[in-house]
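A.B. asks: Okay, here's what each chain looks like letter by letter:
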Amino acid sequence: MSYATDGSTAGTVGPRTQVREQIVEIVSDSGEGAQKAGQAFGAVCAKSGCGVWTVEIIPAEIKPPARSRAGASGIRIRFGSKVITNMGNEADVVIAFNEQVLYGRIQQGAYRKGTRIFLDSKWRKDDSPQIREAFETAIAEFREKGFIVQEFPLEEECAKLIANPRVGKNMFVLGLLTEMFGMNVELSLAEAAFLFRRKGEEVISRNQDLIRAGYAYGQENAEVALEVPPRELLTSQIVVNGNQALALGIMAAGIEVVAMYPITPATSVSHHLGDSFFRVGGLLHQAEDEIAAIGFAVGASYAGKTACTITSGPGLALKTEFIGLAVMGEVPLVIIDVQRGGPSTGLPTKVEQGDLMASLYGAPGDAPKIIMAAATIEECFHMVITARKLAEAFRGPVLILTDANLATGVQPIPRPEPREEWIAPPIDSSPWDPNVTAYDWDPETGLSPRPVPGQPGGEYVLTGLAHTGDAHVAYDPDSNQKGMEMRSRKLRALRKTLRPPKVHGEESGELLVVGWGSTLGAIEEAVEAARAEGLSVSSVHLRFVSPMEPGLKEIFERFDRVLAIGIQYTDLDEYAPADPTTDRRRSQFASLLRDETLVDVDSWSQVHGQPLSPGIILDVIRKNFSQHSAAAGRTQP
Amino acid sequence: MFGLEEDWELDPPARYFTLEDYEGGVARWCPGCGDFGVLTAVQKICRDEQLPPEKVVAVSGIGCSSRFPHYMKTYGFHGLHGRPLPVACGIKSRRPDLQVWVATGDGDCCSIGAGHWIHAIRYNMDITVMLFDNNVYGLTKNQTSPTSPQGLKTNTHPRGAWLPPLNPLQAVLGFTNCSFVAQAVDWNPPLLHAVLEAAYHHKGTSFVRILQRCPTYTDQVFHHLQHDPAQLLLLQHEDGLVMDEKIARIFPNKSGHDPSNMKEARAIADADGGEGAIPVGVVYRDPTRPIYDEFTTVGMGMTADQKIEALGQELDRFAI
Numbered sequence: 001m002s003y004a005t006d007g008s009t010a011g012t013v014g015p016r017t018q019v020r021e022q023i024v025e026i027v028s029d030s031g032e033g034a035q036k037a038g039q040a041f042g043a044v045c046a047k048s049g050c051g052v053w054t055v056e057i058i059p060a061e062i063k064p065p066a067r068s069r070a071g072a073s074g075i076r077i078r079f080g081s082k083v084i085t086n087m088g089n090e091a092d093v094v095i096a097f098n099e100q101v102l103y104g105r106i107q108q109g110a111y112r113k114g115t116r117i118f119l120d121s122k123w124r125k126d127d128s129p130q131i132r133e134a135f136e137t138a139i140a141e142f143r144e145k146g147f148i149v150q151e152f153p154l155e156e157e158c159a160k161l162i163a164n165p166r167v168g169k170n171m172f173v174l175g176l177l178t179e180m181f182g183m184n185v186e187l188s189l190a191e192a193a194f195l196f197r198r199k200g201e202e203v204i205s206r207n208q209d210l211i212r213a214g215y216a217y218g219q220e221n222a223e224v225a226l227e228v229p230p231r232e233l234l235t236s237q238i239v240v241n242g243n244q245a246l247a248l249g250i251m252a253a254g255i256e257v258v259a260m261y262p263i264t265p266a267t268s269v270s271h272h273l274g275d276s277f278f279r280v281g282g283l284l285h286q287a288e289d290e291i292a293a294i295g296f297a298v299g300a301s302y303a304g305k306t307a308c309t310i311t312s313g314p315g316l317a318l319k320t321e322f323i324g325l326a327v328m329g330e331v332p333l334v335i336i337d338v339q340r341g342g343p344s345t346g347l348p349t350k351v352e353q354g355d356l357m358a359s360l361y362g363a364p365g366d367a368p369k370i371i372m373a374a375a376t377i378e379e380c381f382h383m384v385i386t387a388r389k390l391a392e393a394f395r396g397p398v399l400i401l402t403d404a405n406l407a408t409g410v411q412p413i414p415r416p417e418p419r420e421e422w423i424a425p426p427i428d429s430s431p432w433d434p435n436v437t438a439y440d441w442d443p444e445t446g447l448s449p450r451p452v453p454g455q456p457g458g459e460y461v462l463t464g465l466a467h468t469g470d471a472h473v474a475y476d477p478d479s480n481q482k483g484m485e486m487r488s489r490k491l492r493a494l495r496k497t498l499r500p501p502k503v504h505g506e507e508s509g510e511l512l513v514v515g516w517g518s519t520l521g522a523i524e525e526a527v528e529a530a531r532a533e534g535l536s537v538s539s540v541h542l543r544f545v546s547p548m549e550p551g552l553k554e555i556f557e558r559f560d561r562v563l564a565i566g567i568q569y570t571d572l573d574e575y576a577p578a579d580p581t582t583d584r585r586r587s588q589f590a591s592l593l594r595d596e597t598l599v600d601v602d603s604w605s606q607v608h609g610q611p612l613s614p615g616i617i618l619d620v621i622r623k624n625f626s627q628h629s630a631a632a633g634r635t636q637p
Numbered sequence: 001m002f003g004l005e006e007d008w009e010l011d012p013p014a015r016y017f018t019l020e021d022y023e024g025g026v027a028r029w030c031p032g033c034g035d036f037g038v039l040t041a042v043q044k045i046c047r048d049e050q051l052p053p054e055k056v057v058a059v060s061g062i063g064c065s066s067r068f069p070h071y072m073k074t075y076g077f078h079g080l081h082g083r084p085l086p087v088a089c090g091i092k093s094r095r096p097d098l099q100v101w102v103a104t105g106d107g108d109c110c111s112i113g114a115g116h117w118i119h120a121i122r123y124n125m126d127i128t129v130m131l132f133d134n135n136v137y138g139l140t141k142n143q144t145s146p147t148s149p150q151g152l153k154t155n156t157h158p159r160g161a162w163l164p165p166l167n168p169l170q171a172v173l174g175f176t177n178c179s180f181v182a183q184a185v186d187w188n189p190p191l192l193h194a195v196l197e198a199a200y201h202h203k204g205t206s207f208v209r210i211l212q213r214c215p216t217y218t219d220q221v222f223h224h225l226q227h228d229p230a231q232l233l234l235l236q237h238e239d240g241l242v243m244d245e246k247i248a249r250i251f252p253n254k255s256g257h258d259p260s261n262m263k264e265a266r267a268i269a270d271a272d273g274g275e276g277a278i279p280v281g282v283v284y285r286d287p288t289r290p291i292y293d294e295f296t297t298v299g300m301g302m303t304a305d306q307k308i309e310a311l312g313q314e315l316d317r318f319a320i
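So the sequences go chain by chain: A and B.
FYI, the numbering for the first sequence is 1 to 637, going by our numbering.
FYI, the numbering for the second sequence is 1 to 320, going by our numbering.
Bear in mind the hints are in silico, worked out from the structure with no lab data behind them.
The hints are all genuine.
Covered stretches of chain A (in silico footprint by chain B; criterion: 3 or more residues with CB under 8 Å from a CB of chain B, positions within the stretch not fixed):
(1) 41 to 47
(2) 236 to 242
(3) 254 to 263
(4) 301 to 309
(5) 407 to 418
(6) 455 to 462
For each residue, glycine too, the CB sits at the ideal point set by N, CA and C.
Bound-form chain A, shown alone:
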């Protein structure tokens, strides 16, 4: 470990080691404020000029039993001197409020040899001999695994300042982390002032005292003295998670009506809208159920108002009949699916990309619709604006797929500058041209102008029945065929306007990794690491899955092998060897790519309910190369 020659940073005692990036975790029982402290620390890092990605560690229950191995609640903060796009690999520094919650994290591979764990020492003096014993056993086990475990008197120190340290220790930890990484303590104090702004001066100053105490403790007992130099920022930034970005995007798009029903992990979008939507004149309608939510949005859109509904997998399933109606009746609508683990209730708080086929084919009959997938938090914002415009231009529903990883990941992104052209124009009440039918389909593109109630002469009945261009119920076979063709051609028309995706890395080579959605940052980081090792690997990442971006086949054919990577189920040979041509069920994404390109796309994906780390993907890439060279070796004479 080399020390920087000039490590003097405001408020620190000794020289600090400069590092490019760090991964910090705070883990605790539920309700101990770890996430609040971590988010505040993430904001401090961002305000210090670092790139940041935070990811929440969430148990499924609101309050799982205390000190339970699967009940870890907390947060990971990855920050560095560059843009951070994913959660990274193993943590460098962990603050743990008890030792039991660490077991779950260790099982998930969150730590490595050398990870420094700071653990509250209070359990050593607990009244219960079982707890004392469990504590000592755990520490011994952790040290055995190569973690550097250090006890520190967290609650004991906090008890000097407050009566109930359980609810204040998180701010002590914020102060401690601020000191460990040489951040300016004034930034942390300001965060506390913001966090507790509604609770009054006394609460603010009490929490600020805790931050100062944590900071002072760090100065006196400096075990970690690191510094992450800021990156150069060219634009002003906002710090948001993916769901906040969606909410802001909804407001920026001029969407007027959002109808939803509470469902994890989509719900927090509605919390932000509940707080702010009315300020831009919007209506948040919490409907009686998922079906009513989309029905309300469809009604509002039919009446000319831009509308959106937000849900997660099980809600998407309930909405399918209305999605089919929106396709059939050509109702513009933005549908956001914040994906979680499935099927059924699955993993409600955890990430998966399993709704791909359901969003494409969920509705009965042939219901072509536009489907986009946000790959970054910034895209969560801008994609809503694009989706709103596409929904109107192509007169139908547009789905945006995000996931639990984007929903809770927090990152600084360039502050968008709102523009008038993002906002939906007011509805047109001018008389409708009597020569134009309600579905005056352009035979090539399937596009048609839409009459809106209030336009005299445009009166028509929107029906879910097969209908003719003048919106009459179709009683002849040709009309149904024609309607299907017209709705299908809209996707073809959109595809003509899309550009082929950019290849990350060389334009040709041995292995091409293909991804979509929130895995972008981890895939590209892994690909860069693999390329640095000399492996001939590149990646492409899709934003449009329906219609799929053009040119994929040409790109795929420039590589020897194509591998689809994601967070969805696929049969992996490690568990049960299968005949790849017959037995193996591939991931939904791989199947779609094979269908689209007729290229033999392989798939690797897993459903551990966690974001993919660059390290996992790097291992997969390495293994792909070693297996391939082994297979090539066998075929040689």
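Could you slot chain B onto chain A? The hints should help.
C.D. replies: Okay, now just chain B, sitting in the frame of chain A:
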């Protein structure tokens, strides 16, 4: 002359609407279907009120009666089975200028869409809901509906329906924030017209159950009521409905209950389908109930500039 002032000027409305302006083609219901009468009544009310056709939206679910929008020459939304109410509420939410009529059936409203029924009544948006209750599933060919009389023989219960029927009036009066409940019969057009007119003028969700004959499957279910008006109870009150004496005298039984009295309204609804007479007229009416429209229309007047400025402030909340 004729008592007119000298400076009186003829100022006819630029557009005058006749019945034809609301008639959208030939209805394809079975001959003798009660739906025809409801359609005519609604068209007449639109004409009487001179509603511009482009400002009228007929919303329906699925079922025979849900073909209703196709026969109105206004805007219409013929959506999904059980779901007309969420759509109607969505339409009305940001378009207070539109007159929304909902056509729903006993299967659509009281069975598959019953969840929405409860909540739409509670939202109390300014829409008119017509429950076409023929006691049977007609479009899918004769299955038991939730309002089918016990013992009715259908394709799903060929030996007779097992359970006593759901009483829609009783149900709706139990939903929170219910503000207008009425009942009419398809075979008395002046009464039907008067009830729907009262419903149209009510500010809030007006719920009208219409006993409506299905000539194909339940031709007989209302036979006794049709032929013995003594089994009906005409509800007349100055705050509800006052029928022309020529019509009123058809009904030997009348009640002068105050429609603002929920207790009396519930007693009348309880009798419906039981031992008592079948009420027709306005059962309950409370124009003071809160309407959801007051909340949904907030912010409609904002300009793009105002929105951009407000959004800028929202973004600044996340700025570093």
